[in-house]
Amino acid sequence: MALQEKAIILDDNGIRRALTRIAHEIIEKNKGVDNVVLIGIRRRGVPLAERLAGKIREIEGREVPIGVLDITLYRDDLTTITHQPVIHKTEIPFAVDNKIIVLVDDVLFTGRTVRAALDAIIDLGRPRAIQLAVLVDRGHRELPIRADYVGKNVPTSRKEIVSVYLAELDKQDKAVIEVDTA
Amino acid sequence: MKLLVKGGKIIDPANNFFQVADILVRDGKIAAVARNIEADNAEIIEAKGKLVMPGLIDMHVHLREPGLEAKETIATGTRAAAMGGFTAVACMPNTKPVVDNRALVEFIKSRAASEGAVHVFPIGAITKGSEGIELAEIGDMKLAGAVAVSDDGRPVMNAQVMRLAMQYAQMFDLPVISHCEDTSLVAEGVMHEGYHSTVFGLKGITSAAEEVMVARDIILAELTGARVHIAHVSTAGSVELIRMAKRKGIKVSAEATPHHFTLTDEAVGNYDTSTKVNPPLRGAGDVRAVKDGLRDGTIDVIATDHAPHTVEEKDVEYQYAPFGMVGLETAVGLAFRELVRPGILSVEELVMKISCNPARILGLNKGHLGRGADADITIVDPDLKETVDVNKFASKGKNSPFHGWELIGLPVVTVVGGRIVMRDRKLVL
Amino acid sequence: MGLNRKDLLGMQDLTAEEIQLILETAEPMKDIIRRQIKKVPTLRGKVVINLFYEPSTRTRTSFELAGKYMSADTINISTSTSSVVKGETLQDTAKTLEVMGADVVVIRHSAAGAPHILSKHLSASVINAGDGFHEHPTQALLDMFTIKEKKGRIAGLKVAIVGDILHSRVARSNIWGLARMGAEVRVIGPATLVPPEIEKLGVTIYTSVEEGVRDADVIMVLRIQLERQQKGLFPTIREYARLYGITAERVSLARPDVMIMHPGPMNRGVEIAPEVADSMQSVINEQVTNGVAVRMALLYLLAGGGNPHETVG
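If you read the sequences in order, they're chains A, B and C. Just so we're aligned, residue 0 is where the first sequence starts under numbering that gives the first Met the number 0, counting upward by one. Just so we're aligned, residue 0 is where the second sequence starts under numbering that gives the first Met the number 0, counting upward by one. Just so we're aligned, residue 0 is where the third sequence starts under numbering that gives the first Met the number 0, counting upward by one.
For reference, chain A alone in the conformation it holds in the complex:
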């Protein structure tokens, strides 16, 4: 696959501002952060959750617990892909019962990843509520799922690819639309 960048959705400043806004919205919607926990979906939801926790700390002066969720075992497309993805550990160092869980991911597309994440969390216990925060919502949902917090809504065509690059993993911050030129 040869990817060519077609348009920038968010640059580094754009990502920073979007996350700041989402942090405020999380605090506002939940009237503070009592019982709020962040769970990042591997891989890029994890640094995003960490950044959101940092923002919340700056605003509220409080730590929100962070968990890491690997949804591979809950995917619904395992039988259609050739190689099994490598499974990483799910690390959620707190009980999810009665918590308000904010799931964090980079891009919301078909909704299937979020569906898998919801199932995975519910197998861990009974949270009071699950909310969803994403950096980019690109549309084309295949399931009745919507985000509570969105960094940016971007209309895309199905053929386009939306990629988020984060400094923690990719040495730079940006969200872009790419096309496969191969």
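Fair warning: there could be bad hints in the mix.
Each pair of labels, with its calculated beta carbon distance range [claimed, not checked]:
| # | chain 1 | residue 1 | chain 2 | residue 2 | range |
| --- | --- | --- | --- | --- | --- |
| 1 | C | Glu226 | B | Gly296 | 44 to 50 Å |
| 2 | B | Val19 | C | Lys94 | 45 to 51 Å |
| 3 | A | Gly31 | C | Val287 | 44 to 50 Å |
| 4 | A | Leu2 | C | Ser278 | 54 to 60 Å |
| 5 | B | Ile132 | C | Asn284 | 34 to 40 Å |
| 6 | B | Leu142 | C | Lys199 | 50 to 56 Å |
| 7 | B | Ala207 | C | Glu226 | 22 to 28 Å |
| 8 | B | Ala102 | C | Gly263 | 55 to 61 Å |
| 9 | A | Glu167 | C | Thr56 | 54 to 60 Å |
| 10 | C | Lys119 | B | Thr386 | 17 to 23 Å |
| 11 | C | Lys199 | B | Asp291 | 21 to 27 Å |
| 12 | B | Gly268 | C | Thr56 | 40 to 46 Å |
| 13 | C | Asp72 | B | Ala186 | 39 to 45 Å |
| 14 | B | Glu405 | C | Lys119 | 20 to 26 Å |
Since the hints were made in silico from the structure, they are not lab data. Since the structure is predicted, the reported quantities are computational estimates derived from the model, not experimental observations. Ideal placement from N, C-alpha and C gives every residue a C-beta, glycine not left out.
Here the structure of chain A is known, so what remains is to put chains B and C in place on it, guided by the hints.
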């Protein structure tokens, strides 16, 4: 009825004749061997560039009849022999029932006469039912036509019984063919004991199981003065024991099978039951020793131990599969591949081991091409290539690990008593 | 990267990378076993058949739970080898199971190579759950997982395997796996129970247990079977226990942090003293838990994806 074999290279060690010449066959006998023979009304076999040998003799086959006809019959087994270039076979008595009396020897001879494609020489049992307890009617079987005695597959464990058998058989100048295996040392083993049995997790058969019995039978041969023939020698230790015995002048002869000079125990990999034979495929050092024994004359004979089984019997877990593989149709090709082309044996020496020596040991007036001899002739094309396909075997047995091997050097004509039974790799019957 | 193979027949042909992948995949699986809801939907709609020709409560239950935790439908078929010899052949049984829709067939059989026959006849994945004296790869993998979990590594460790090496598929599989991962493996047992040329597998042979366990990081104790004594391979159970039983005194010759392992079921007081089996150094119960995790990982890696073996390109 006349047959004229033209322009082949004659390999006739018995008459020390190794030249390009023609052979004229009349009434089942060799009428003339000379250059440029002209004969009217003779069927011509063009043999230019080919090797013309006295008919090959396999002194160790299992034809399975009577009683085990699902595995092989005298009809199918002798057709396999014809395809393999053999004009005569000696068949082992471990049928159902065991060939331990005159009636069964005569049965085999009569079946062979009516249905066989090549000559069949029965081997009688040493003991009744091959149970290793009481001597069979060896004298009567000899009179009926048995050429040797053996409890092949069920070794005579009792040394006194073996001693008596040798003393008794010697009166009739019958060789005692010994399947050398101490069954207590075999201890449920299914393959050679060594690195590979350890890795495959299969019970091993130590080389000592064979060598202990080779040593015993050599000692008994010396004691009794009988002729003892050691079947399917598989270990370096056995070769050395036989070499020493021959040096001492003990009347011992020995045979090796193509599979024991071709394959090692490594071939058992992936649990292919066609590699399950008794004695088992041995280590690389043993294979080398068997070849050395063939080269220096310690081992007199190449015999196949052709042991057909049904697909159903063999297509099971390794430890439950019966021992044995078929060999008649691959023997010559393997001998060329492993012995002749690498220079271990000359073609002349190969003919000695697969025709002249078996004839001598079994007391047959065969294995030579002189005037007046039986017209048993095998013609081999040393350059002919063929890929082994068990599904094309004339034998009912498909249990061969050589399936898919390309062999070079194959029999192209088999003449039995002046009659062509195989020509251009096809049976003519 | 995935486990690019249809079957798991033995440790002999697994690469270090494949072993690594299996052990790493077992870690998140172990977390699932510790949860209240011990179930993930990964293998929903897949059929795992446990075909056991030898009695084995432990391994069969472990595979059954592993399949169930992964939401596969698991079916157990237990039958004695003797009825198989008389009746239906292994491959006919296997084909029947495949027609019924098996995705994975787990086989335990007293004949070495039985899983290889199955794998030749089946397009379903075959997992060897122990064949004769040949291999028991899932046991070796769970042992290695346990070692790695406790010691943080496998490479460089001294692992002493004590007992009836000759008839042990557990020993063979562990030797292949541990040696491949860089451990120093020793085998200890009476000369009559050590298979020929096993040193070619890269192990050192000891007939003295005192010498063999010296400075060991891990002592793996094998079950001794009365049947071997009846065949005359050693004189008495009493003498065996006296010469080769793992006692506290013998354990003290090993490293202070030595791990004691046993594949079970144990003969307490014969190959292992009760105080050793129940000691702090014993990880025998942990092995059982890890067995389920490792088998979940294997089921995922062999059956979790589509069918890579049928996919071209």
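So, going through the hints one by one against the coordinates:
1. The hint said 44 to 50 Å for the Cβ distance between Glu226(C) and Gly296(B), and at roughly 47 Å that hint holds.
2. Between Val19(B) and Lys94(C) the Cβ separation comes to about 58 Å, which falls outside the hinted range of 45 to 51 Å.
3. Checked against the hint of 44 to 50 Å, the C-beta distance between Gly31(A) and Val287(C) comes to roughly 46 Å, which is consistent with it.
4. Roughly 58 Å separates the CB atoms of Leu2(A) and Ser278(C), a value that falls within the hinted 54 to 60 Å.
5. Checked against the hint of 34 to 40 Å, the C-beta distance between Ile132(B) and Asn284(C) comes to roughly 57 Å, which is inconsistent with it.
6. The given range of 50 to 56 Å is respected by Leu142(B) and Lys199(C), whose C-beta atoms sit roughly 55 Å from each other.
7. At roughly 24 Å, the beta-carbon separation of Ala207(B) and Glu226(C) lies within the given 22 to 28 Å, and the hint holds.
8. Ala102(B) and Gly263(C) have their C-beta atoms about 60 Å apart, which keeps the hinted 55 to 61 Å range intact.
9. Between Glu167(A) and Thr56(C) the beta carbons are some 48 Å apart, a value that contradicts the proposed interval 54 to 60 Å.
10. Our hint of 17 to 23 Å for Lys119(C) and Thr386(B) holds, since their Cβ atoms are close to 21 Å apart.
11. At about 24 Å, the beta-carbon gap between Lys199(C) and Asp291(B) stays in the expected band of 21 to 27 Å.
12. Evaluation of the 40 to 46 Å hint for Gly268(B) and Thr56(C) yields a failure: the beta carbon distance comes to about 33 Å.
13. Judged by the Cβ atoms, the range 39 to 45 Å given for Asp72(C) and Ala186(B) holds: they are separated by roughly 43 Å.
14. In this structure the hint that Glu405(B) and Lys119(C) lie 20 to 26 Å apart at CB holds, the actual value being about 23 Å.
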